[in-house]
Amino acid sequence: MSKFRCGIEAHIQLSTRSKTFCSCPTSGSENPNTLVCPTCIGLPGSKPVLNKEAITQAIKVALALDCTISKETFFSRKNYFYPDLAKDYQISQYEIPIGTNGNLDGIRIRRVHLEEDPGALIHKENTCLIDYNRSGIPLIEIVTEPDFKSPNEARLFLRKLITILEYLGIYTRRSEATMKADANISTVGERIEIKNITGLKEIERALDYEAARQEKEPARQQETRGWDSEKGITFLQRIKEGESDYGYIFESDLPKIEITKQMLDEIKKQIPELSLEKASRFKKQYKLQPEDAETLAAEKELAELFEQVAEEIDPILAAKWLRRDLMKVLHYNKKELKEIKIEAEHIIELLTLLKENKINDATAKDLLIKLIEKPFSPKGHVERQKLGMIASEGELERLCKEAIKNNKAVVEDYKSGKQEALHYLMGQVMRLSGGKANPKITEKLLKKLL
Amino acid sequence: MNTKEYLEKVKSKEVSVVKTVEKILQEAKNSPNHFTAISKSYALEQAEKIEKDPMGKLAGLPVSVKDGICVRGIESAAGSEILKEYRPPFSATVINKLEKEGAIIIGKTSQDEFGFGGFSVNTKKIPRNPHDITRSCGGSSGGAAGFTAFTTQPHLALGESTGGSIANPASFCGVAGLTPTYGLVSRYGLIDYANSLDKIGTIGKKVSEAFLGLYHIAGYDEKDSTSLPQKILPEKKIKKIAVIKESLEVDKEIKDVILSKIKNYDIISLPLIKKYSIPAYYLIALSEASTNLAKYCGLRYGQTLPLKGNFNEFFTEVRSKFFSKEAKRRIILGTFARMSGFRDAYYLKALKVRTLILNEYKKAFKKYDVLISPTMPIIAPKFDEIKKLSPLENYMMDILTVGPNLAGLPHLSINAGFKEKMPVGIMLIANHLEEEKLRTLGEEIERS
Numbered sequence: 001m002s003k004f005r006c007g008i009e010a011h012i013q014l015s016t017r018s019k020t021f022c023s024c025p026t027s028g029s030e031n032p033n034t035l036v037c038p039t040c041i042g043l044p045g046s047k048p049v050l051n052k053e054a055i056t057q058a059i060k061v062a063l064a065l066d067c068t069i070s071k072e073t074f075f076s077r078k079n080y081f082y083p084d085l086a087k088d089y090q091i092s093q094y095e096i097p098i099g100t101n102g103n104l105d106g107i108r109i110r111r112v113h114l115e116e117d118p119g120a121l122i123h124k125e126n127t128c129l130i131d132y133n134r135s136g137i138p139l140i141e142i143v144t145e146p147d148f149k150s151p152n153e154a155r156l157f158l159r160k161l162i163t164i165l166e167y168l169g170i171y172t173r174r175s176e177a178t179m180k181a182d183a184n185i186s187t188v189g190e191r192i193e194i195k196n197i198t199g200l201k202e203i204e205r206a207l208d209y210e211a212a213r214q215e216k217e218p219a220r221q222q223e224t225r226g227w228d229s230e231k232g233i234t235f236l237q238r239i240k241e242g243e244s245d246y247g248y249i250f251e252s253d254l255p256k257i258e259i260t261k262q263m264l265d266e267i268k269k270q271i272p273e274l275s276l277e278k279a280s281r282f283k284k285q286y287k288l289q290p291e292d293a294e295t296l297a298a299e300k301e302l303a304e305l306f307e308q309v310a311e312e313i314d315p316i317l318a319a320k321w322l323r324r325d326l327m328k329v330l331h332y333n334k335k336e337l338k339e340i341k342i343e344a345e346h347i348i349e350l351l352t353l354l355k356e357n358k359i360n361d362a363t364a365k366d367l368l369i370k371l372i373e374k375p376f377s378p379k380g381h382v383e384r385q386k387l388g389m390i391a392s393e394g395e396l397e398r399l400c401k402e403a404i405k406n407n408k409a410v411v412e413d414y415k416s417g418k419q420e421a422l423h424y425l426m427g428q429v430m431r432l433s434g435g436k437a438n439p440k441i442t443e444k445l446l447k448k449l450l
Numbered sequence: 001m002n003t004k005e006y007l008e009k010v011k012s013k014e015v016s017v018v019k020t021v022e023k024i025l026q027e028a029k030n031s032p033n034h035f036t037a038i039s040k041s042y043a044l045e046q047a048e049k050i051e052k053d054p055m056g057k058l059a060g061l062p063v064s065v066k067d068g069i070c071v072r073g074i075e076s077a078a079g080s081e082i083l084k085e086y087r088p089p090f091s092a093t094v095i096n097k098l099e100k101e102g103a104i105i106i107g108k109t110s111q112d113e114f115g116f117g118g119f120s121v122n123t124k125k126i127p128r129n130p131h132d133i134t135r136s137c138g139g140s141s142g143g144a145a146g147f148t149a150f151t152t153q154p155h156l157a158l159g160e161s162t163g164g165s166i167a168n169p170a171s172f173c174g175v176a177g178l179t180p181t182y183g184l185v186s187r188y189g190l191i192d193y194a195n196s197l198d199k200i201g202t203i204g205k206k207v208s209e210a211f212l213g214l215y216h217i218a219g220y221d222e223k224d225s226t227s228l229p230q231k232i233l234p235e236k237k238i239k240k241i242a243v244i245k246e247s248l249e250v251d252k253e254i255k256d257v258i259l260s261k262i263k264n265y266d267i268i269s270l271p272l273i274k275k276y277s278i279p280a281y282y283l284i285a286l287s288e289a290s291t292n293l294a295k296y297c298g299l300r301y302g303q304t305l306p307l308k309g310n311f312n313e314f315f316t317e318v319r320s321k322f323f324s325k326e327a328k329r330r331i332i333l334g335t336f337a338r339m340s341g342f343r344d345a346y347y348l349k350a351l352k353v354r355t356l357i358l359n360e361y362k363k364a365f366k367k368y369d370v371l372i373s374p375t376m377p378i379i380a381p382k383f384d385e386i387k388k389l390s391p392l393e394n395y396m397m398d399i400l401t402v403g404p405n406l407a408g409l410p411h412l413s414i415n416a417g418f419k420e421k422m423p424v425g426i427m428l429i430a431n432h433l434e435e436e437k438l439r440t441l442g443e444e445i446e447r448s
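First to last, the sequence lines map onto chains Y and R.
The letter at position 172 of the first sequence is residue 172 when you use this note's numbering, and the numbering goes up by one with no holes.
The letter at position 237 of the second sequence is residue 237 when you use this note's numbering, and the numbering goes up by one with no holes.
Check before you lean on any hint, since a few could be wrong.
[Stated by the list, open to error] Below, computed lysine-lysine pairings styled on DSS-like, alpha-carbon distance capped at 27 Å:
#  : chain 1 : residue 1 : chain 2 : residue 2
1  : R       : K52       : R       : K100
2  : R       : K362      : Y       : K52
3  : R       : K325      : R       : K84
4  : R       : K352      : Y       : K256
5  : Y       : K71       : R       : K274
6  : Y       : K401      : Y       : K379
7  : R       : K352      : R       : K274
8  : R       : K308      : Y       : K256
9  : R       : K84       : Y       : K52
10 : R       : K206      : R       : K275
11 : Y       : K71       : R       : K321
12 : Y       : K365      : Y       : K408
13 : R       : K349      : Y       : K256
14 : Y       : K71       : R       : K352
15 : Y       : K256      : R       : K363
16 : Y       : K256      : R       : K325
17 : Y       : K256      : R       : K223
18 : Y       : K256      : Y       : K355
19 : Y       : K124      : R       : K13
[As the list claims (entries may be wrong)] What the simulated footprint calls covered on chain R by chain Y, stretch by stretch (three residues with Cβ under 8 Å from a Cβ of chain Y suffice, anywhere in the stretch; the number is not a length):
#  : stretch
20 : 41 to 53
21 : 87 to 95
22 : 154 to 168
23 : 205 to 212
24 : 310 to 318
25 : 331 to 340
In case anyone wonders, no lab produced these hints; they're calculated from the structure.
Computed from a prediction, not measured in an experiment: that's the story for all the values here.
Heads up, the beta-carbon is just placed ideally off N, CA and C, and yes, glycines get one too.
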């Protein structure tokens, strides 16, 4: 693995409402060839008109990746024949992309550019149909230097990249299919390119597979390979003979784009605090453990929820409950934070009840499970359902005595020095109380009675 | 009756639009191959409407449209076989603008395939010169200029110039051909030859007619990102004119006709333009053209063949069958000029030369209002003479017109006289957006 080197070209769909060079919507119809116009199907005489929002979003990404932003940029025609390509050229960027020389956590970004997506080929038994609904949808291409030393590094990078794009409002995890990547891999042998891998998990699988394959059998020639996600293998597409020649020329239907300082300042104002900055702020401001801070900052919705809760509640307690317990509950129920309606004020109520010893951990966890189903006030619920902890010593003493009476053998164990026996008795009191016994008082009483 | 009088009489209902349109449709049909499609029923329908209610500043004016400009529902094939029977679902901006003013589209005029040529012979329907039908109308807007000379009715022709395709046929047919500043007229709906060079312009019997057309098609269009927000500059007095020295290295008779039409001029040398404009023009135009023509592959519109083999084999078969020899030559030349390894030496270098050429003109315009040259080095050639020309000799015919086209400068060709009974055109070139100077001087020459 020591010789493993890999660079990635990631293609991500931007979140504009209309396409890159026409006013067709980017979503809203499943029916093939219904989101099209003369421009995006390349009818003779049609002309492209740039969607400014696409440029703004691309600049945001380039800025977030610490790129140098070109003062002037322009589009080029990348020429190749393919049935899904409406004009048989793609409007892309070549000489001067929007951003260059960026960096994301030590991985160097070579360039960030804007281009249009081709249509989609739909293969059916003996025919192939073409859907141009995607044709003209804006994509950003992010090209890294060959800085990854393992497939895992590439995966971590892409996760960070996705987090940034989420913060920028460009990417949603549910639409993972909209991230595509090409990977250039070299180990001891010649350079191999794997084309068109869709989705984060697939990228890691493909890299793992190819790294292992080359470990056994170093490539003897430069190859372009495809990725078969069903079989989990890469396969030879073609042997590379020099670089592809796309015969780039300037897209003279579109004027040059000047990116002024004023424009950049405007766009910078729209960029929210990103995860890395946020994590270091969390560490400083709330004195969180690095791991807690990073996990909370890695998801926009979680970070926002945390900050709302931390305004009212001890941040350490808030961090523990959000990052560990809430995440565990969500994960177990296969849910994402952004798809549930959880309110900060309800978490605040929940943690206040916990902190004031009105409920115990077990009750708090139960309530959390209910809260991810639908929003409700934990305070009102606890009052109505009488879930409040039993803190009255008289009541608890009665329960402790009952537990001691029913578990004579265990009491003997305790007396002979077995500490676990006390835990068992605690559990029994808890059971008798319907999970509501205050654990601290119960422990104190049990020790006294024994 | 000139066009102005006709439009006034349409308004006062002293003239029948229907009768005028009927006559011009008949002439279009009888013309020597000037039309590729005649929109008879549509034109008559419009004529009846307008005759009753003559709304708009061009109410009742018959307009012929170069085939490469899209008109909704009417075959728009840019003179090619591969787009034969292609009926666009939308009209070019210029068509919408003219129709809004009450103009009547009578049909599509013949041209070299995609504008590839100077004699309108690179197409199935070859227009013939009304002054001598054994001769060419010029090109690529051959049908447009030919019919303008041919018709007896009020009429405006829309042409298109990439490297001289309006001035050239205007010169050969003895009419006024106006190519505006690049970006002044929207290209939306124009079937592309070379996007950085293509300009829609007008052809009329007289300068005033060509300008009347221009005023109604000019203006910013949000559908064409290269269209200019600026307007034509207001009229200014012409103080100094100059004849381009290198352009006088033509036939003596042509030179004499040109010089007889003007007085009080200087002679200036523009050496870069003579030396480099042809290679720069062809490298840029063909590089762009070769990408523009990629989409014609039998898949989405235009002519096609039964599906066979993989997509590459299928595209190749369709393109081999339906593109003419000249289109293939231009695709191959243009593709070559932009391939890596050659791109720097040809395509990119040509772009640099283009800037130098523009600067040479700009320098001249610091001193002169209008530059003058013959439009073409020859009079309209006979078809059998054209057959003998090599491709390079063909391309060299553009030597006088590619300069202003590369620089995006407005230029006007008008008739200056005759040689062997064939028209000789004089070309006036002005600085960007100074079309009015062309009008002033053009009308003066016309009167002389």
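Verification of the supplied hints:
Between R:K52 and R:K100 the CA atoms are separated by roughly 16 Å; this keeps the pair inside 27 Å, and the hint holds. A distance of roughly 33 Å separates the Cα atoms of R:K362 and Y:K52; the hinted pair therefore is violated under the 27 Å criterion. Between R:K325 and R:K84, the direct Cα distance comes to roughly 17 Å. Compliance with the 27 Å bound is thereby established for this hinted pair. Distance hint between R:K352 and Y:K256 is fulfilled; the C-alpha atoms sit about 16 Å from each other, no more than 27 Å.
For the proposed pair Y:K71 and R:K274, the alpha carbon gap of about 35 Å is over 27 Å, so the pair is violated. The suggested pairing of Y:K401 with Y:K379 is violated, with an alpha-carbon distance near 31 Å, which exceeds 27 Å. Straight-line distance between C-alpha atoms of R:K352 and R:K274 comes to about 16 Å, which keeps the hinted pair within the 27 Å bound. A threshold of 27 Å between alpha carbons decides the hint, and for R:K308 with Y:K256 the separation of about 41 Å lies outside it, so the pair is violated.
In summary, the hint linking R:K84 to Y:K52 is not supported, as the alpha carbons are separated by about 36 Å, beyond the 27 Å threshold. Among the hinted pairs, R:K206 with R:K275 is inconsistent with the structure: their alpha-carbon atoms are about 33 Å apart, more than 27 Å. Simply put, Y:K71 and R:K321 have alpha-carbon atoms about 46 Å apart, too far for the 27 Å limit, and the pair is violated. Proposed proximity of Y:K365 and Y:K408 is contradicted: the alpha carbons are some 32 Å apart, above 27 Å.
With a C-alpha separation of about 19 Å, the suggested pairing of R:K349 with Y:K256 holds against the 27 Å cut-off. Between Y:K71 and R:K352 the alpha-carbon distance is near 21 Å, which keeps this suggested pair within the 27 Å criterion. As the CA atoms of Y:K256 and R:K363 are separated by approximately 25 Å, the hinted pair is consistent with the 27 Å bound. The suggested pairing of Y:K256 with R:K325 is violated, with an alpha-carbon distance near 35 Å, which exceeds 27 Å.
Taking the CA atoms of Y:K256 and R:K223, the gap is about 16 Å. The hint holds against a cut of 27 Å. Taking the CA atoms of Y:K256 and Y:K355, the gap is near 60 Å; set against the 27 Å cutoff, the hint is violated. In summary, the hint linking Y:K124 to R:K13 is not supported, as the alpha carbons are separated by about 63 Å, beyond the 27 Å threshold. A count of 0 residues in the stretch 41 to 53 of chain R with a Cβ less than 8 Å from any Cβ of chain Y is obtained; the coverage claim is therefore unmet, three being the minimum.
Coverage of the stretch 87 to 95 of chain R by chain Y holds in this model, with 4 residues showing a Cβ closer than 8 Å to a Cβ of that chain against a need of three. Judged by the Cβ-Cβ criterion of 8 Å, the stretch 154 to 168 of chain R is not covered by chain Y as claimed, because only 0 of its residues qualify and three are needed. Under the rule that three or more residues need a Cβ within less than 8 Å of chain Y, the assignment of the stretch 205 to 212 of chain R is violated, with 0 such residues. Counting residues of the stretch 310 to 318 of chain R whose CB lies closer than 8 Å to any CB of chain Y gives 3, which reaches the minimum of 3, so the coverage claim holds.
Only residues whose beta carbon comes within less than 8 Å of a beta carbon in chain Y count, and the stretch 331 to 340 of chain R has 4; three or more means the coverage holds.
When the structure is compared with the earlier hints, violations turn up for hints 2, 5, 6, 8, 9, 10, 11, 12, 16, 18, 19, 20, 22, 23 and for no others.
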